[in-house]
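J.: Each chain, written out:
4 protein chains.
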Amino acid sequence: MKKKNEEKYTQIIQVTSNLIATQGAALVSTTKVAKLVGISQSNIYIYFKNKDDLLYHVYLSKLTGMQHFFMTLENSSLTLTQQLKAYIMNLYQFALQHPQDIEVIEQIKAMPNSPLHSSELNVTDDTQLARNLVVKGIDAGILRPVSPELHLTIVFNVIRRYTTSIAKPNEDKSAFQPVFAMIWDAIAKPD
Amino acid sequence: MKKKNEEKYTQIIQVTSNLIATQGAALVSTTKVAKLVGISQSNIYIYFKNKDDLLYHVYLSKLTGMQHFFMTLENSSLTLTQQLKAYIMNLYQFALQHPQDIEVIEQIKAMPNSPLHSSELNVTDDTQLARNLVVKGIDAGILRPVSPELHLTIVFNVIRRYTTSIAKPNEDKSAFQPVFAMIWDAIAKPD
Amino acid sequence: MKKKNEEKYTQIIQVTSNLIATQGAALVSTTKVAKLVGISQSNIYIYFKNKDDLLYHVYLSKLTGMQHFFMTLENSSLTLTQQLKAYIMNLYQFALQHPQDIEVIEQIKAMPNSPLHSSELNVTDDTQLARNLVVKGIDAGILRPVSPELHLTIVFNVIRRYTTSIAKPNEDKSAFQPVFAMIWDAIAKPD
Amino acid sequence: MKKKNEEKYTQIIQVTSNLIATQGAALVSTTKVAKLVGISQSNIYIYFKNKDDLLYHVYLSKLTGMQHFFMTLENSSLTLTQQLKAYIMNLYQFALQHPQDIEVIEQIKAMPNSPLHSSELNVTDDTQLARNLVVKGIDAGILRPVSPELHLTIVFNVIRRYTTSIAKPNEDKSAFQPVFAMIWDAIAKPD
DNA sequence: GATGAATGAGAGTTCATTCAT
DNA sequence: AATGAATGAACTCTCATTCAT
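Chains as they are written, first to last, in the UniProt record's numbering: chain A, 1 to 191; chain B, 1 to 191; chain C, 1 to 191; chain D, 1 to 191.
I should point out that these hints are in silico values taken from the structure, not numbers from a laboratory. Here the structure is a predicted model, which is why all the values come from computation and not from measurement. Some clues are possibly wrong.
Where chains are identical, the list cannot tell them apart; a pair therefore holds if satisfied intra-copy or between any two copies.
Below, simulated DSS-like cross-link-like pairs (lysine-lysine); rule was C-alpha separation at most 30 Å, straight line [to be verified]:
#1 K168 x K136
#2 K35 x K109
#3 K51 x K136
#4 K51 x K32
#5 K35 x K136
#6 K49 x K136
#7 K173 x K49
#8 K8 x K35
#9 K168 x K35
#10 K136 x K189
#11 K35 x K51
#12 K136 x K8
#13 K32 x K173
#14 K109 x K8
#15 K85 x K35
#16 K8 x K168
#17 K85 x K109
#18 K49 x K168
#19 K35 x K173
#20 K8 x K49
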């Protein structure tokens, strides 16, 4: 519940994150985390109130890492179309460099009893920025006039699938070009 | 392991399927299933070798139900383009009528220790037909020349998202038209 | 939760009862009970839903044993004064023969998070009969016109204290006579 | 173990006392106490050797508060009968003004592993004075010739029950009169 | 004097699985 | 075919206590 030893705090978050990415959120247990960190299980409860609290902070840590990545987009002088395209490119590059992070975020979101549901504080979601952009894009006649959920579904799932199963770790940006075209033609309103 | 009492066998499968759809695969337990069916827990082990075996058969049952739905496509006299479009429409209609089935299939596939991974027998996947079609489509120059996984990702995720969160249960086929266009423009090779 | 093996069911109740009497209700744990019965701890959950459920049934078992003892009083042809005196004598004899039972009942009642508080079904309390008699006695001008709680407090505590710390196990009824006088003079309305 | 910061020492005692009164002695933990005082858990071990030691001192503090109240009785010039009656009245008034204190004392006494049992030092019990008076009363032929435990049981339990559940906080002394008569008739030897 | 960190023991509970009947 | 009984392992969580700083 307290935190002074930042190092171990970070270690617990890190190990949990790895566990989620490799075994799935459902298989995470404080027992396993503790064993991997090399501490006693009860020790975890010094750093986190709950198992839920732990997962919640894992989620937060990944989220802020991601948000840093997209901050440059806001308050920019780009046109809306440019912003939308830039967002897709940013997401691609982020996913390529931090493949685990998106996986972890999505897994925690999708958990049966997600700690996010019970959390009092509403977090500025990672897709919040994207959703705003999409809505603006639809209103401006740039994107197809269908439920924004569909645009988001395409953008996220295609990039996730591409970066986890298809892309090479250090590939050049140009390799993504055909995939980008696929996404853009899907969401952009045809002339 | 045998199935004398066919009725109870089906009941177990059905209840498990409902549990997966409502609570998530991770929260399924033989205890809960048995209680809902109204039999003793150990009884389940007469019909299934173990929990994995149960889940595997739930998966199979949903799969065959789905394949029935698509059989009409094979050996048809349609052109490849028509077959691809028909597949998308069929999937849309199946998902609309059996929203639970796709959910269950995907959940079992996505399980941390999915019974499908450890299964010796390789099942003819539900996406096998789709994948074949897509590959043919790419070779024929109809679809974009990118990894077929991406086409499948789009088709499945968009339809799943649309039918579970957006579509109305008894909506007319025409309501799907804009979404269909979205999917098709995403996967079809532009002129 | 089920019960076929009555013997083990009774054994668990018995062992728990002993534990409460010797160590106090607060120190009862399913672990200890299981160890004393010689079964695995999880086995207890076959016979009882909860620890609370276990304690509740321990309470019930002692209660019914006690009620059997007092049934003879009801519907009797005794005068009210005779009934009151008979109740005190019966309680004395019951407490002398089953010193543990009253201790167990009172301990479970007094528990911080008593399983009785959360129980939906309201049990006919062991003091219900006594309270009814006392109220009737007050109305009839036989007992002192003060809160019936005070009469009950005296009757129960004096007998409990006497039988647990003072009385000899096989003593003659006459040994109780001075104590009986004490109780009666306390609760009876003086002329 | 020492007590430099007298204030914090008192605070710990006070908080523990409240916890016992409200939640019951069994639910007291150093964790809860520390949280309520606003100190770290380990800090408690500076002021007290262990949990038992803490409880023991809580007991002592309540005890001395109570003894102050009764000191006026000793070395007085009252007759024995007057002293006995005065003791009862004093106890009533003390219990009315400090309802928590008696509760705390009794709870600690009644604990399964009471710190008083293991304590090497024998404390001059709170009932010591009362017991002495009672013994003297029996010898002088004022009180009934039964085990003094019984007299004490009546006096303490009736007053405790009366002041906690029946009496009004600021009631006049005269309201207690019928209850006093009840007690006195119970313990006094009839002519 | 005070605290953060750590721990082992123990609590209640659920689960998948086995076996005799 | 069906069930009751049993179990060991795993789980989350709380607690009293110790120790270095």
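J.: Now tell me if each hint is right for this structure.
T.: Hints and how they fare:
| no. | hint | in the structure |
| --- | --- | --- |
| 1 | K168 x K136 | between (33 Å within a copy, 25 Å between copies) |
| 2 | K35 x K109 | both (25 Å within a copy, 28 Å between copies) |
| 3 | K51 x K136 | neither (38 Å within a copy, 48 Å between copies) |
| 4 | K51 x K32 | both (12 Å within a copy, 20 Å between copies) |
| 5 | K35 x K136 | neither (48 Å within a copy, 49 Å between copies) |
| 6 | K49 x K136 | neither (39 Å within a copy, 54 Å between copies) |
| 7 | K173 x K49 | neither (42 Å within a copy, 49 Å between copies) |
| 8 | K8 x K35 | both (13 Å within a copy, 23 Å between copies) |
| 9 | K168 x K35 | neither (33 Å within a copy, 48 Å between copies) |
| 10 | K136 x K189 | both (13 Å within a copy, 28 Å between copies) |
| 11 | K35 x K51 | both (15 Å within a copy, 21 Å between copies) |
| 12 | K136 x K8 | neither (42 Å within a copy, 53 Å between copies) |
| 13 | K32 x K173 | neither (38 Å within a copy, 49 Å between copies) |
| 14 | K109 x K8 | within (25 Å within a copy, 35 Å between copies) |
| 15 | K85 x K35 | neither (44 Å within a copy, 52 Å between copies) |
| 16 | K8 x K168 | neither (33 Å within a copy, 49 Å between copies) |
| 17 | K85 x K109 | within (25 Å within a copy, 32 Å between copies) |
| 18 | K49 x K168 | neither (39 Å within a copy, 41 Å between copies) |
| 19 | K35 x K173 | neither (40 Å within a copy, 54 Å between copies) |
| 20 | K8 x K49 | both (15 Å within a copy, 26 Å between copies) |
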